[in-house]
Amino acid sequence: GAVVSQHPSWVICKSGTSVKIECRSLDFQATTMFWYRQFPKQSLMLMATSNEGSKATYEQGVEKDKFLINHASLTLSTLTVTSAHPEDSSFYICSAVGTGDFSPLHFGNGTRLTVT
Amino acid sequence: KQEVTQIPAALSVPEGENLVLNCSFTDSAIYNLQWFRQDPGKGLTSLLLIQSSQREQTSGRLNASLDKSSGRSTLYIAASQPGDSATYLCAVWSDKLIFGAGTRLAVHP
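Line order of the protein sequences matches chains P and Y. If you want the numbering used here, it's the position in the first sequence, counting the first as 1, plus 33. If you want the numbering used here, it's the position in the second sequence, counting the first as 1, plus 16.
Honestly, the hints are just simulated from the structure, not real lab data. Keep in mind that the hints are not guaranteed to be accurate.
As a list, the in silico DSSO-like pairs of lysine-lysine whose alpha-carbon atoms are at most 30 Å apart [unchecked claim]: (1) P/K88 / Y/K112; (2) Y/K84 / P/K47; (3) P/K74 / Y/K58; (4) Y/K112 / Y/K84; (5) P/K53 / P/K99; (6) Y/K17 / Y/K112; (7) Y/K17 / P/K99; (8) P/K97 / P/K53; (9) P/K53 / P/K88; (10) Y/K84 / P/K74; (11) Y/K112 / P/K97; (12) Y/K84 / Y/K17; (13) Y/K84 / P/K97; (14) P/K97 / Y/K17; (15) P/K47 / Y/K17; (16) P/K88 / Y/K17; (17) P/K97 / Y/K58; (18) P/K47 / P/K74; (19) P/K53 / Y/K112; (20) P/K99 / P/K47; (21) P/K74 / P/K99; (22) P/K99 / Y/K84; (23) P/K97 / P/K47; (24) P/K97 / P/K74; (25) P/K47 / Y/K58; (26) Y/K58 / Y/K112; (27) P/K99 / P/K88; (28) P/K74 / Y/K112; (29) P/K47 / P/K88; (30) P/K53 / Y/K58; (31) P/K53 / P/K74; (32) Y/K17 / Y/K58.
Derived coverage of chain Y by chain P (criterion: at least 3 residues anywhere in the stretch with Cβ under 8 Å from a Cβ of chain P; other residues may be distant) [unchecked claim]: (33) 55-62; (34) 76-87.
Where is the CB? At the ideal position from N, CA and C, for every residue including glycine.
Assemble the whole structure, with the sequences as input and the hints as a guide.
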């Protein structure tokens, strides 16, 4: 089945630094990728939608200058948390949609970010 | 704006019980609905996908139904086991995938 690889699975960084999270579709081309964040015991909240070769569409309340999303190829999207602060500590998950219509979304295993 | 609600928020049952988890959504214009399982600190495992034209899907002890017109879906778990303990999320897809808050299920021996 379709596989989405997300890396790293966990990261600890100091406040003020930037962290890059990668999301790769391993055996299919992903025209669209979604980025979610999840706080403890809460559901997944959509942050942004990225389409290959174009700018990401951010959900209301998500700072696009803080959460930089790049979708430069059909198999890779990256989320960079810039100038991270402790309140950015969360679980970040990506998902990818294949080129077929209404194809099921495939999820990465998530990245646990802890900002100290 | 699509909103997804899951009831109950938490459920604790003895092993062997049959369970029903509920999901409702406000906008019936969806392409599909998915049920996921999430273990603590882990990613998502897709359980069942129901296309908008379908009424139900079954996989093993799991059965999910969809009533698009009324904006409801149920996940039925037969003969629950301790290994079923997890958070169950439903999500609907129109132009984006919107998740409910989940039902935290605990099945005790």
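Against the structure, the hints:
1. P/K88 / Y/K112: Given that 30 Å is the threshold and the Cα spacing comes to 16 Å, the pair holds.
2. Y/K84 / P/K47: Violated. Y/K84 to P/K47 sits at ~46 Å, over the 30 Å cutoff.
3. P/K74 / Y/K58: Within the cut-off at roughly 12 Å; holds.
4. Y/K112 / Y/K84: Holds, at roughly 17 Å.
5. P/K53 / P/K99: Satisfied, since the Cα-Cα distance of roughly 12 Å is no more than 30 Å.
6. Y/K17 / Y/K112: holds (11 Å)
7. Y/K17 / P/K99: Given that 30 Å is the threshold and the Cα spacing comes to 25 Å, the pair holds.
8. P/K97 / P/K53: Holds, at roughly 14 Å.
9. P/K53 / P/K88: The hint holds at about 17 Å.
10. Y/K84 / P/K74: Holds - the C-alpha atoms of P/K74 and Y/K84 are around 28 Å apart, at most 30 Å.
11. Y/K112 / P/K97: It holds: about 18 Å lies between the C-alpha atoms, which stays within 30 Å.
12. Y/K84 / Y/K17: Between Y/K84 and Y/K17 the Cα gap is close to 16 Å, so the pair holds against 30 Å.
13. Y/K84 / P/K97: Violated, at roughly 34 Å.
14. P/K97 / Y/K17: At roughly 21 Å apart (the allowed maximum being 30 Å), Y/K17 and P/K97 satisfy the hint.
15. P/K47 / Y/K17: violated (37 Å)
16. P/K88 / Y/K17: Holds - the C-alpha atoms of Y/K17 and P/K88 are around 22 Å apart, at most 30 Å.
17. P/K97 / Y/K58: Holds, at about 26 Å.
18. P/K47 / P/K74: holds (24 Å)
19. P/K53 / Y/K112: holds (23 Å)
20. P/K99 / P/K47: holds (16 Å)
21. P/K74 / P/K99: Since the Cα atoms of P/K74 and P/K99 sit roughly 24 Å apart, the hinted pair holds (cutoff 30 Å).
22. P/K99 / Y/K84: violated (37 Å)
23. P/K97 / P/K47: Since the Cα atoms of P/K97 and P/K47 sit roughly 21 Å apart, the hinted pair holds (cutoff 30 Å).
24. P/K97 / P/K74: Status holds; Cα separation ~25 Å.
25. P/K47 / Y/K58: holds (23 Å)
26. Y/K58 / Y/K112: Roughly 22 Å separates the two Cα atoms, so the pair holds.
27. P/K99 / P/K88: holds (15 Å)
28. P/K74 / Y/K112: At roughly 22 Å apart (the allowed maximum being 30 Å), Y/K112 and P/K74 satisfy the hint.
29. P/K47 / P/K88: holds (28 Å)
30. P/K53 / Y/K58: holds (19 Å)
31. P/K53 / P/K74: holds (24 Å)
32. Y/K17 / Y/K58: holds (28 Å)
33. 55-62: holds (count 5)
34. 76-87: violated (count 0)
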